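Novice: With chain A held as given, fit chain B onto it using these hints.
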Amino acid sequence: MPLDTLRIVVGLLIILSHLTSFAMVLLYGWLEPAERMELALIISPMFGVYVSAIVRRVTMMESYDRTPTHVALAGLSIGIALIYALTVPAVILAFESGSIGNFGDLKNVIGIVETALGLYTGALVDRLFGTPKAS
Amino acid sequence: MRSYLAFVTAAAAFVSPVAGAAERYEAQLAHSADTEWIGFAEIDLSDAAAVRGELCLVRKEYPDRRTEPRTLLRVPVTGRAVAEGLELNLGTVRDGPRSDATLAFARGTGDGGEGALVFGDLLALRDKEGNPILGGTKLAYAELTPLVPPSPDFEISMLSSASDQQVAILLEEVNPGQGPVTALVPLEEYENFTREQAIAFEQKHEREMLYDAGAVVALMDSAKIPQLQRALDALGDGARVMNGEISACHGGVVQVTVSVPPMLEFWYTRQIQKSGAVITAYPWGLPLDPGWTDPLMIQTAAVVAAFGNPRIAMAQKYRPLWETLKAALTRFAAARRPGFAQSGTIVLRPSGAPHVFNAEIRGRSLAVCQANRWEQIFVEATVNPSVTSSSAVGVSLQMSDGFYARGATMPSDARMRDHRISDSELKALQDLMVGNAQKNLTWPAAVRCQQ
Numbered sequence: 000m001p002l003d004t005l006r007i008v009v010g011l012l013i014i015l016s017h018l019t020s021f022a023m024v025l026l027y028g029w030l031e032p033a034e035r036m037e038l039a040l041i042i043s044p045m046f047g048v049y050v051s052a053i054v055r056r057v058t059m060m061e062s063y064d065r066t067p068t069h070v071a072l073a074g075l076s077i078g079i080a081l082i083y084a085l086t087v088p089a090v091i092l093a094f095e096s097g098s099i100g101n102f103g104d105l106k107n108v109i110g111i112v113e114t115a116l117g118l119y120t121g122a123l124v125d126r127l128f129g130t131p132k133a134s
Numbered sequence: 000m001r002s003y004l005a006f007v008t009a010a011a012a013f014v015s016p017v018a019g020a021a022e023r024y025e026a027q028l029a030h031s032a033d034t035e036w037i038g039f040a041e042i043d044l045s046d047a048a049a050v051r052g053e054l055c056l057v058r059k060e061y062p063d064r065r066t067e068p069r070t071l072l073r074v075p076v077t078g079r080a081v082a083e084g085l086e087l088n089l090g091t092v093r094d095g096p097r098s099d100a101t102l103a104f105a106r107g108t109g110d111g112g113e114g115a116l117v118f119g120d121l122l123a124l125r126d127k128e129g130n131p132i133l134g135g136t137k138l139a140y141a142e143l144t145p146l147v148p149p150s151p152d153f154e155i156s157m158l159s160s161a162s163d164q165q166v167a168i169l170l171e172e173v174n175p176g177q178g179p180v181t182a183l184v185p186l187e188e189y190e191n192f193t194r195e196q197a198i199a200f201e202q203k204h205e206r207e208m209l210y211d212a213g214a215v216v217a218l219m220d221s222a223k224i225p226q227l228q229r230a231l232d233a234l235g236d237g238a239r240v241m242n243g244e245i246s247a248c249h250g251g252v253v254q255v256t257v258s259v260p261p262m263l264e265f266w267y268t269r270q271i272q273k274s275g276a277v278i279t280a281y282p283w284g285l286p287l288d289p290g291w292t293d294p295l296m297i298q299t300a301a302v303v304a305a306f307g308n309p310r311i312a313m314a315q316k317y318r319p320l321w322e323t324l325k326a327a328l329t330r331f332a333a334a335r336r337p338g339f340a341q342s343g344t345i346v347l348r349p350s351g352a353p354h355v356f357n358a359e360i361r362g363r364s365l366a367v368c369q370a371n372r373w374e375q376i377f378v379e380a381t382v383n384p385s386v387t388s389s390s391a392v393g394v395s396l397q398m399s400d401g402f403y404a405r406g407a408t409m410p411s412d413a414r415m416r417d418h419r420i421s422d423s424e425l426k427a428l429q430d431l432m433v434g435n436a437q438k439n440l441t442w443p444a445a446v447r448c449q450q
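If you read the protein sequences in the order shown, they are chains A and B. According to numbering that gives the first Met the number 0, the first sequence is numbered sequentially starting from 0. According to numbering that gives the first Met the number 0, the second sequence is numbered sequentially starting from 0.
Think of the hints as simulated: they come from the structure by calculation, not from any bench. Errors might be hidden in some of the hints.
Unchecked claim - Covered stretches of chain B (chain A as the covering partner; in silico rule of three or more C-beta atoms under 8 angstroms from a C-beta of chain A):
id, segment
1, 400–407
2, 413–424
Stated by the list, open to error - Far from chain B, some chain A residues (derived; all Cβ distances over 10 angstroms):
id, residue
3, L11
4, L18
5, A22
6, G103
Unchecked claim - Distance ranges between label pairs, derived from CB positions:
id, chain 1, residue 1, chain 2, residue 2, range
7, A, L25, B, R419, 19 to 27 angstroms
8, A, G28, B, P261, 41 to 49 angstroms
9, A, R55, B, R419, 39 to 47 angstroms
10, A, L25, B, E322, 43 to 51 angstroms
11, B, A370, A, I82, 47 to 55 angstroms
12, A, L118, B, R97, 56 to 64 angstroms
13, B, A407, A, T58, 38 to 46 angstroms
14, B, A312, A, E37, 50 to 58 angstroms
15, A, S96, B, P349, 29 to 37 angstroms
16, B, Q341, A, P1, 41 to 49 angstroms
17, B, A340, A, I82, 43 to 51 angstroms
18, B, A199, A, L118, 54 to 62 angstroms
Predicted model only: the values in this text are computed from it and were never measured. We put the CB at the ideal spot given by N, CA and C, even for glycine.
Just chain A, same shape as in the assembly (with noise of 0.2 angstroms):
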């Protein structure tokens, strides 16, 4: 896969993971004002890294980048990055289904989620939004 599509497919997952995340935040009626808060402040730090770095790479990109990438690097990518994007809504969405309990449990398991993923994704992001290096 060209390392250009590589970072447009994963760019735009967390890009698209984030919107809805806060579109779920945010529009759903069944977080407290106090809570909807709280709870955009412990997504965003995280996300809003990640987002930055990708809006800053692709806003420099000049030509297409048609790089082979090693296809081992492009399913770990696709695969951590569709796992970290589907993850934090899936949450907020087992939230308000019931499943879990309260938002003290709420706010564990997004601390869980970002800690277990973050590192995998800041990596993943690193390399394929990374400020290039000066040759």
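Specialist: Positioned in the frame of chain A, the structure of chain B alone reads:
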């Protein structure tokens, strides 16, 4: 209430006893709610098999207003440390707490929060109004709370929101018909109020909970009690440190009560905090509940007959009354919220006594009318003998506690517990119910939720 609990938890953050050192605790012991002792304990845990120490106590009184020194009781204790906590034997001291048996203190969740060493059950000592319900001369409750100075941040947060330095969290503006609105005043402005301004501010705002009138509690180094008294004297209202004699037990940090003019508890709290003599100071919070309603008169023949018939046993006498009341609650819920019955439930809960009615209402919101809001409300009721006659049985009730959550479907109990319904909202609901009850225990359309 939440603020008070937050304080108690913060003040009593548990520090695990370290072998080889004498541990210091705040101590609270009770035979019954009207026989209590408070003070300090110093316990040497260096030898787990031979723990020894001393309780230094004074008799607690309500309200705590004495000006003369109280008798200090020094109670020797011996025992051993076990995995679950401590086993202690109390020495016998005249007018002191007594226990013939070894007291097993377990780490529990007493008033002191997680990690306090607790014997017995405090709740068993008091009813909802704090009245004694257990007599006797043996020790029924004891709690040892590790003595840890509270976080310095907390002294500000009692009076103000932690984020914006404003007096906010404990005061609500009286705003009839529109629910409570949190009042904000910058802390700097508040602490510079004159007494007269502070009283006027208090009068304009309703607190979220009750406070022991005219009392401020301070945690401080006992050596600084004279300094605090001098600061109080300088303010000139006759405020006094009331129970400084406890400091004679042990040097170091003690908790004292300061008698202050009523309506100035918060203002004095801030002045005491600023005196530099205390680690922290706070008004002494008391739980607030909506109180009991005016009596609801029940004229149902079966109910009245059950009370008038001496052949009906106690256990059966109240059954028709509670069934009638449950049916009345159901009708009120349906009148307030048409469609309540489709997903709502009203369940009678065992109260442990036939004459006490306990029910849980769960379903679409009744206290606050919002489309996607669900509520869980606990109702207690008891017969009011002063208005009960041969033609009607009077029942006083209170909606003692309530929780809510939003959702498309009924949220879980755990989710409900995230949000407590305010006492003012519960009071408004119970007044709406009793105030609009018609003779046949039905309710008019006027009680219906307007969304």
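Novice: All hints are to be evaluated individually against the structure, with a verdict given for each.
Specialist: Hints, one by one, checked against the model:
For the segment 400–407 of chain B, the stated coverage by chain A is satisfied: 4 residues place a CB nearer than 8 angstroms to a CB of that chain, which reaches the threshold of 3. Three residues within the 8 angstroms Cβ limit are the bar, and the segment 413–424 of chain B against chain A gives 5, so the coverage statement holds. Every CB of chain B is more than 10 angstroms from the CB of L11 (chain A) (nearest about 30 angstroms), matching its label as outside the interface. For L18 (chain A), the condition that its CB be more than 10 angstroms from all CB atoms of chain B holds, with the nearest at approximately 22 angstroms.
The beta carbon of A22 (chain A) is kept farther than 10 angstroms from every beta carbon of chain B, the shortest such distance being approximately 17 angstroms. The beta carbon of G103 (chain A) is not kept farther than 10 angstroms from every beta carbon of chain B, the shortest such distance being approximately 8 angstroms. At roughly 24 angstroms, the beta-carbon separation of L25 (chain A) and R419 (chain B) lies within the given 19 to 27 angstroms, and the hint holds. A beta carbon spacing of about 43 angstroms between G28 (chain A) and P261 (chain B) agrees with the range 41 to 49 angstroms that was offered as a hint.
The hint said 39 to 47 angstroms for the Cβ distance between R55 (chain A) and R419 (chain B), and at roughly 45 angstroms that hint holds. The hinted window of 43 to 51 angstroms between L25 (chain A) and E322 (chain B) holds, with their beta carbons roughly 46 angstroms apart. In this structure, A370 (chain B) and I82 (chain A) break the distance hint of 47 to 55 angstroms, their C-beta atoms being roughly 36 angstroms apart. Take L118 (chain A) and R97 (chain B): their Cβ atoms lie about 60 angstroms apart, and the range 56 to 64 angstroms holds.
Distance hint check for A407 (chain B) and T58 (chain A): the Cβ-Cβ separation is about 40 angstroms, which falls inside the suggested range of 38 to 46 angstroms. Separated by about 54 angstroms at the C-beta atoms, A312 (chain B) and E37 (chain A) satisfy the suggested range of 50 to 58 angstroms. Checked against the given bound of 29 to 37 angstroms, the beta carbons of S96 (chain A) and P349 (chain B), roughly 32 angstroms apart, stay inside it. Under the hint 41 to 49 angstroms, the C-beta atoms of Q341 (chain B) and P1 (chain A), about 57 angstroms apart, miss the expected range.
Distance hint check for A340 (chain B) and I82 (chain A): the Cβ-Cβ separation is about 44 angstroms, which falls inside the suggested range of 43 to 51 angstroms. A beta carbon spacing of about 57 angstroms between A199 (chain B) and L118 (chain A) agrees with the range 54 to 62 angstroms that was offered as a hint.
The earlier numbered hints that this structure contradicts are 6, 11 and 16.
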